[in-house]
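Participant: As a plain string of letters, each chain reads:
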Amino acid sequence: METLAVQALTGLASASSLFLVASGLTVIFGVSRIVNFAHGSFYMLGAFLAWTLVSHAPLAEWGGWGFWGGILLAALAVGLLGAAAEMVILRRIYRAPELFQLLATFALVLVVQDLVLLLWGADDKFGPRAPLLRGATEIFGLRFPRYDLFLIAVGPVVLGLLWLLFHRTRFGILLRAATQDREMVAALGVDQQLLFTGVFCLGSALAGLGGALQLPREAVTIHMDMAIIVQAFVVVVVGGLGSLPGAFLAALLISELHAFGILVLPRITLVLAFLVMAIVLVLRPYGLLGRKPEGPPPATEAAAPLPGPAPRWLQGAGMAALAALLLLPPFLGEYPLILLADFAALVLFAASLHLIMGPGGMASFGHAAYFGAGAYAAALLARHLGAPMEVGLVAAPFFAGLVGFLFGWFCVRLSGVYSAMLTLAFAQIAWSVAFQWVEVTGGDNGILGVWPSEWARGRLAFWYLSLALCGLGVWMLRRAIHAPFGMALRAQRDSPLRAEAIGIDAFRIRWLAFALAAAMAGVAGALFAYGKGSVFPSSLDIPRSVDALLMVLLGGVHSLSGPILGAVAYAGLQEQLSRLTDLWRLLLGLVILALVLFFPGGLARAFYRRRGA
Amino acid sequence: MTPVLQAEGLVKSWDGNRAVDGVSLALAPGEMLALIGPNGAGKSTCFNMLNGQLRPDAGIIRLGGRDITRRPPRAIWRLGVGRTFQVTATFGSMTVLDNVRMALLSHARRLLGLWRPARHQLTGEAEALLARVGMQAQAGRPCGILAYGDLKRLELAMALANQPRLLLMDEPTAGMAPAERGALMAQTAGIARAAGIAVLFTEHDMDVVFAHADRVLVLDRGRLIAEGAPEAVRVDPLVRQVYLGGMTG
Numbered sequence: 001m002e003t004l005a006v007q008a009l010t011g012l013a014s015a016s017s018l019f020l021v022a023s024g025l026t027v028i029f030g031v032s033r034i035v036n037f038a039h040g041s042f043y044m045l046g047a048f049l050a051w052t053l054v055s056h057a058p059l060a061e062w063g064g065w066g067f068w069g070g071i072l073l074a075a076l077a078v079g080l081l082g083a084a085a086e087m088v089i090l091r092r093i094y095r096a097p098e099l100f101q102l103l104a105t106f107a108l109v110l111v112v113q114d115l116v117l118l119l120w121g122a123d124d125k126f127g128p129r130a131p132l133l134r135g136a137t138e139i140f141g142l143r144f145p146r147y148d149l150f151l152i153a154v155g156p157v158v159l160g161l162l163w164l165l166f167h168r169t170r171f172g173i174l175l176r177a178a179t180q181d182r183e184m185v186a187a188l189g190v191d192q193q194l195l196f197t198g199v200f201c202l203g204s205a206l207a208g209l210g211g212a213l214q215l216p217r218e219a220v221t222i223h224m225d226m227a228i229i230v231q232a233f234v235v236v237v238v239g240g241l242g243s244l245p246g247a248f249l250a251a252l253l254i255s256e257l258h259a260f261g262i263l264v265l266p267r268i269t270l271v272l273a274f275l276v277m278a279i280v281l282v283l284r285p286y287g288l289l290g291r292k293p294e295g296p297p298p299a300t301e302a303a304a305p306l307p308g309p310a311p312r313w314l315q316g317a318g319m320a321a322l323a324a325l326l327l328l329p330p331f332l333g334e335y336p337l338i339l340l341a342d343f344a345a346l347v348l349f350a351a352s353l354h355l356i357m358g359p360g361g362m363a364s365f366g367h368a369a370y371f372g373a374g375a376y377a378a379a380l381l382a383r384h385l386g387a388p389m390e391v392g393l394v395a396a397p398f399f400a401g402l403v404g405f406l407f408g409w410f411c412v413r414l415s416g417v418y419s420a421m422l423t424l425a426f427a428q429i430a431w432s433v434a435f436q437w438v439e440v441t442g443g444d445n446g447i448l449g450v451w452p453s454e455w456a457r458g459r460l461a462f463w464y465l466s467l468a469l470c471g472l473g474v475w476m477l478r479r480a481i482h483a484p485f486g487m488a489l490r491a492q493r494d495s496p497l498r499a500e501a502i503g504i505d506a507f508r509i510r511w512l513a514f515a516l517a518a519a520m521a522g523v524a525g526a527l528f529a530y531g532k533g534s535v536f537p538s539s540l541d542i543p544r545s546v547d548a549l550l551m552v553l554l555g556g557v558h559s560l561s562g563p564i565l566g567a568v569a570y571a572g573l574q575e576q577l578s579r580l581t582d583l584w585r586l587l588l589g590l591v592i593l594a595l596v597l598f599f600p601g602g603l604a605r606a607f608y609r610r611r612g613a
Numbered sequence: 614m615t616p617v618l619q620a621e622g623l624v625k626s627w628d629g630n631r632a633v634d635g636v637s638l639a640l641a642p643g644e645m646l647a648l649i650g651p652n653g654a655g656k657s658t659c660f661n662m663l664n665g666q667l668r669p670d671a672g673i674i675r676l677g678g679r680d681i682t683r684r685p686p687r688a689i690w691r692l693g694v695g696r697t698f699q700v701t702a703t704f705g706s707m708t709v710l711d712n713v714r715m716a717l718l719s720h721a722r723r724l725l726g727l728w729r730p731a732r733h734q735l736t737g738e739a740e741a742l743l744a745r746v747g748m749q750a751q752a753g754r755p756c757g758i759l760a761y762g763d764l765k766r767l768e769l770a771m772a773l774a775n776q777p778r779l780l781l782m783d784e785p786t787a788g789m790a791p792a793e794r795g796a797l798m799a800q801t802a803g804i805a806r807a808a809g810i811a812v813l814f815t816e817h818d819m820d821v822v823f824a825h826a827d828r829v830l831v832l833d834r835g836r837l838i839a840e841g842a843p844e845a846v847r848v849d850p851l852v853r854q855v856y857l858g859g860m861t862g
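So the protein lines, in turn, are chains A and B. Positions 1 to 613 (our numbering) are the ones given, in order, by the first sequence. Positions 614 to 862 (our numbering) are the ones given, in order, by the second sequence.
By construction, these hints were calculated from the structure, which means they are not laboratory data. In this text, a Cβ means the ideal position worked out from N, Cα and C, and glycines have one as well. Please note that the accuracy of each hint is not assured.
Not everything, but these chain B residues come out facing chain A in the computed CB check (under 8 Å) [claimed, not checked]:
#  : residue
1  : G622
2  : F698
3  : T703
4  : A716
5  : S719
6  : R723
7  : L727
8  : R729
9  : P730
10 : Y761
Start from the sequences, fold in the hints, and give me the full structure.
Facilitator: What follows is the structure in structure tokens.
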């Protein structure tokens, strides 16, 4: 009984920390409609800045004032950084499609990761204990950290302050108005830019405060950003995007579930939060306290016409490329062949996501789930049944397609950010299974010895196999896009109303497209696994999903040539940069930012423009 | 003769307000029936219940004697009901021809085709439909750049793709120049009469209503207040009071 009570208190303390971060994210989303991946980076910056401030002179010598001053200063500094990011980058792309803003914020994540590494080094940092709150108090005969008691109070206090800000100040009332109707507020002559900069400042400062307050509690690491952003997403989505009380409620729910989950079901703690998110979104599609967004969903790039047969120069270029891919490899060394095979798998991976995002008009933040499902299908068959590569390659699309069929049923009912968040949740569930079901999947150690059959073991043979399968996959996707099925998919994207009125069951079409894309991603995943000889949970983690997203967005969603170009450009860039410098994330992030700012239509589009086609 | 469309006692409330309060109507095969009423009379609500977009709180809707009350729009379409919208809804990323082809593919139940390119299917049929509404010259144009009147005609062609026995047209001439309205409605009426298709339409433009409707239903505050031939409705004192009051009859 006592243990339970203390566990509940621990949950409350975590809930407070989580709420601080999530509140910033939800406020930013509410006003700007930007899903800010970089929010976790601001959290991490808050923690690192606080560490620097409080453990160095002069603040370190000022005792309690120095510590608490340092925490607040760090939050303030992060707020200013957020405002700067808004002014320099995000302001320029509010008119760009939703997903491009996402791309920009993800580029920021990469940049901040390397900057933190550069400035602070890779080792973990430990802050001092908080003055006045050292040690523990006895509660129900058990020792409970005083600092956690303090944190428990912080959450409600911040919620209260935010409530006052939103209801008692002009700035807050304008923010609420902008959350409900951005155009109307602009029409009333309110300076939008100032409002947006302000909201980014506020939201980032909250993230920074959340990070800084972790200092006495846990080590400051360079992986904090990814860990927190996923949790914050879950909280914000479960609570209802843009709803502060919702975020508070969700933070409580998730944290308490986690605190007790560890006692009862330690094996599935990682899955638990995402399971809750999936259940909440199925029952209440707009979160616990969220409301259905009014009016039609923001227009996707519906107006882009279906590209007809590729222009002659592109056909020519494609043919030349294919010839080169067939004829040159015998003269290439081992390493380029490995790279080429990887690229082939990534091209198919990106092309499969394109089906969902381009013609389908849906977004997936969790496409790696199906890439990983294919990889694990092959690896599990090899490990447990000793199945050869041929069996694995056949089984992969079926297994991945089945997973896509199952997950897709939930994801395609919703639209926009909510649907994307569900895909993220399911991908995390899949990842957690791979990570925690050690007996079957080997957990973090992965599955080794997933080698191709004898005839395909040579690098050259494996390259031709990859080229054949990925080429076949891309070709089938292209056929599907131009076949009645693909047209129906576009139709429901262009006008759900008209599609329904001519007998198109949009749900069914989207669902099948999701499963088809999953199956193709599965082929890519299996090839990737055989190419590497092993599978790890990282094959279905978030960075891999983001890779796919970046490849498609970089290339452009308008035509299938987009993801192909995007995959090659992205993977090639990553490869080149990582060979050139340790700071490849920084450079990659800057390159992505440049692309987003200067080619908001994607590479393929820029290419077409240049050609005047 | 069984009515094409029959509604009995339709009711729909919004927050306790009865937007539609016990409306019953019947449409004979080939008949052109206009549903009119002042703003807020419940026309759109009524219309959206008939086409399946809204679920009525009470009442029954029958199509050729068959209960379709809780069917979704796509199921009602499959039973032979074509629709046009007040604000045109077409597939903006496709050509005019592909828009019509889409409706034909759906009618032919070929939507799950994954292999044969759509552009090789049903082209002749799609062109024929476009010819019926006088749009064959525009077949290859992206429908995102069409003039509004042409979009309306495209919608009509799509609505005809499933050889409907009933057309539901919500404000078919809304957003068009007065001169164009008459022409579009005359064309619609001509096509419908030639094919024996019944038409139920809502309309604001009284000239259009009196020129083309066989019969007129007048809705006010959710209830039917008058029904009859255009000439009879035009002189109905109650109608003049609530509806035509400010206009020259």
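Participant: All hints, please: hold or fail.
Facilitator: A quick look at each hint next to the structure:
A least Cβ separation of about 25 Å between G622 of chain B and chain A goes past the 8 Å threshold, and the interface hint is therefore violated. Evaluation of the F698 of chain B hint against chain A yields a held restraint, the C-beta minimum of about 7 Å falling below 8 Å. Contact between T703 of chain B and chain A, as hinted, is supported at the beta carbon level, the nearest pair being about 6 Å apart and thus within 8 Å. Because the beta carbon of A716 of chain B sits about 4 Å from the nearest beta carbon in chain A, less than 8 Å, this interface hint is met.
With a cut of 8 Å, the hint placing S719 of chain B at the interface with chain A holds, because the nearest CB-to-CB distance is about 4 Å. The interface hint given for R723 of chain B holds, since its Cβ lies 5 Å from the closest Cβ of chain A, which is under the 8 Å cut-off. Given the 8 Å rule on beta carbons, the hint for L727 of chain B holds: about 5 Å separates it from the nearest Cβ of chain A. Contact between R729 of chain B and chain A, as hinted, is supported at the beta carbon level, the nearest pair being about 6 Å apart and thus within 8 Å.
For P730 of chain B, the suggested interface contact is upheld, since its CB lies about 5 Å from the closest CB of chain A, less than 8 Å. Against a cut-off of 8 Å between C-beta atoms, the interface hint on Y761 of chain B is violated, since the closest Cβ of chain A lies about 16 Å away.
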